[in-house]
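*Asks:* So you can see what is in the structure, the chains are spelled out below.
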Amino acid sequence: DGGITQSPKYLFRKEGQNVTLSCEQNLNHDAMYWYRQDPGQGLRLIYYSQIVNDFQKGDIAEGYSVSREKKESFPLTVTSAQKNPTAFYLCASRWVGQNYGYTFGSGTRLTVV
Amino acid sequence: AQSVTQPDIHITVSEGASLELRCNYSYGATPYLFWYVQSPGQGLQLLLKYFSGDTLVQGIKGFEAEFKRSQSSFNLRKPSVHWSDAAEYFCAVAPTGTASKLTFGTGTRLQVTL
Chain A
1 DGGITQSPKY LFRKEGQNVT LSCEQNLNHD AMYWYRQDPG QGLRLIYYSQ
51 IVNDFQKGDI AEGYSVSREK KESFPLTVTS AQKNPTAFYL CASRWVGQNY
101 GYTFGSGTRL TVV
Chain B
114 AQSVTQPDIH ITVSEGASLE LRCNYSYGAT PYLFWYVQSP GQGLQLLLKY
164 FSGDTLVQGI KGFEAEFKRS QSSFNLRKPS VHWSDAAEYF CAVAPTGTAS
214 KLTFGTGTRL QVTL
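Heads up: the sequence lines are chains A and B, in that order.
Under my numbering, the first residue of the first sequence is numbered 1, with each subsequent residue one higher.
Under my numbering, the first residue of the second sequence is numbered 114, with each subsequent residue one higher.
No lab work stands behind these hints, which were simulated from the structure alone.
For every residue, glycine included, the Cβ atom is placed at its ideal position computed from N, Cα and C.
Where hints are given, some of them may not hold.
Simulated restraints on C-beta separations [unchecked claim]:
id: 1; chain 1: A; residue 1: Trp-95; chain 2: B; residue 2: Gln-115; range: 33 to 43 Å
id: 2; chain 1: B; residue 1: Lys-174; chain 2: A; residue 2: Leu-27; range: 14 to 24 Å
id: 3; chain 1: B; residue 1: Thr-168; chain 2: A; residue 2: Val-113; range: 20 to 30 Å
id: 4; chain 1: B; residue 1: Ser-152; chain 2: A; residue 2: Asn-26; range: 21 to 31 Å
id: 5; chain 1: A; residue 1: Asn-53; chain 2: B; residue 2: Gly-129; range: 32 to 42 Å
id: 6; chain 1: B; residue 1: Thr-125; chain 2: A; residue 2: Val-52; range: 43 to 53 Å
id: 7; chain 1: B; residue 1: Gly-166; chain 2: A; residue 2: Val-52; range: 26 to 36 Å
id: 8; chain 1: B; residue 1: Ser-193; chain 2: A; residue 2: Ala-81; range: 21 to 31 Å
id: 9; chain 1: A; residue 1: Lys-70; chain 2: B; residue 2: Ile-173; range: 27 to 37 Å
Okay, chain A solo, but in the shape it has when bound:
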């Protein structure tokens, strides 16, 4: 079945360490997105990419980095510069130009101790 796979589901890191969250889709979607979710704040856009080798900052990009070397993959790195990295991270994808909703992965919960 087609879908989005986020791994791992739970991730623990020590403060000051960089960590990379994986997002893979086999839907042949053009665009991919990373959202951060905190209680009471909804989802906030970190980065998005509409084509391979191109990506744009979202509303809260500081302390994060991404790459889009392959259409199906959009990994997110949470760097040590991110002041409060503990959160639930959601990856999403969609076809560009089509009027469809986004497909979301099941998320990665990152805890920094």
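Fit chain B to the given chain A structure using the hints.
*Replies:* Frame of chain A, contents of chain B only:
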């Protein structure tokens, strides 16, 4: 900039009762509108969407939403709630034409009592 307001943080209804979750948006034109549902620790599932046309939109799981341009609202309704509907619900908007970026509301947590 576009924004979405969900004024109710938490709602409790009895099983079998009707439900209405409120959503208001701020945007220069009529955006694309979405409702998503999230179970704890899970991703988001699309309930329904509005792009144009009939202002009453039917979705999955018996949900519907009505777009009211004059009120900039897109409220979600269900005539009879089931215990399995307990979850968090998010309203979202995206610019027309490309739907390139979703902006979410802060969510409404629904609790269903038996």
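*Asks:* A separate judgement is required for each hint: does it hold in the structure or not?
*Replies:* Hint-by-hint comparison with the structure:
In this structure, Trp-95 (chain A) and Gln-115 (chain B) break the distance hint of 33 to 43 Å, their C-beta atoms being roughly 21 Å apart. Take Lys-174 (chain B) and Leu-27 (chain A): their Cβ atoms lie about 22 Å apart, and the range 14 to 24 Å holds. At about 49 Å, the beta-carbon gap between Thr-168 (chain B) and Val-113 (chain A) misses the expected band of 20 to 30 Å. Separation of Ser-152 (chain B) from Asn-26 (chain A) is about 23 Å and conforms to the stated range, judged on CB atoms against 21 to 31 Å.
Taking 32 to 42 Å as the suggested C-beta distance range, the pair Asn-53 (chain A) and Gly-129 (chain B) does not conform, at roughly 53 Å. About 46 Å separates the C-beta atoms of Thr-125 (chain B) and Val-52 (chain A), a value consistent with the hinted range of 43 to 53 Å. Remark: the range hint 26 to 36 Å for Gly-166 (chain B) to Val-52 (chain A) is upheld by a beta-carbon distance near 34 Å. One distance hint, 21 to 31 Å for the beta-carbon pair Ser-193 (chain B) and Ala-81 (chain A), is violated here, with the actual separation near 49 Å.
Taken as a hint, the range 27 to 37 Å holds for the pair Lys-70 (chain A) and Ile-173 (chain B), whose Cβ atoms sit roughly 31 Å apart.
In terms of the numbered hints stated before, the structure departs from hints 1, 3, 5 and 8, listed from lowest to highest.
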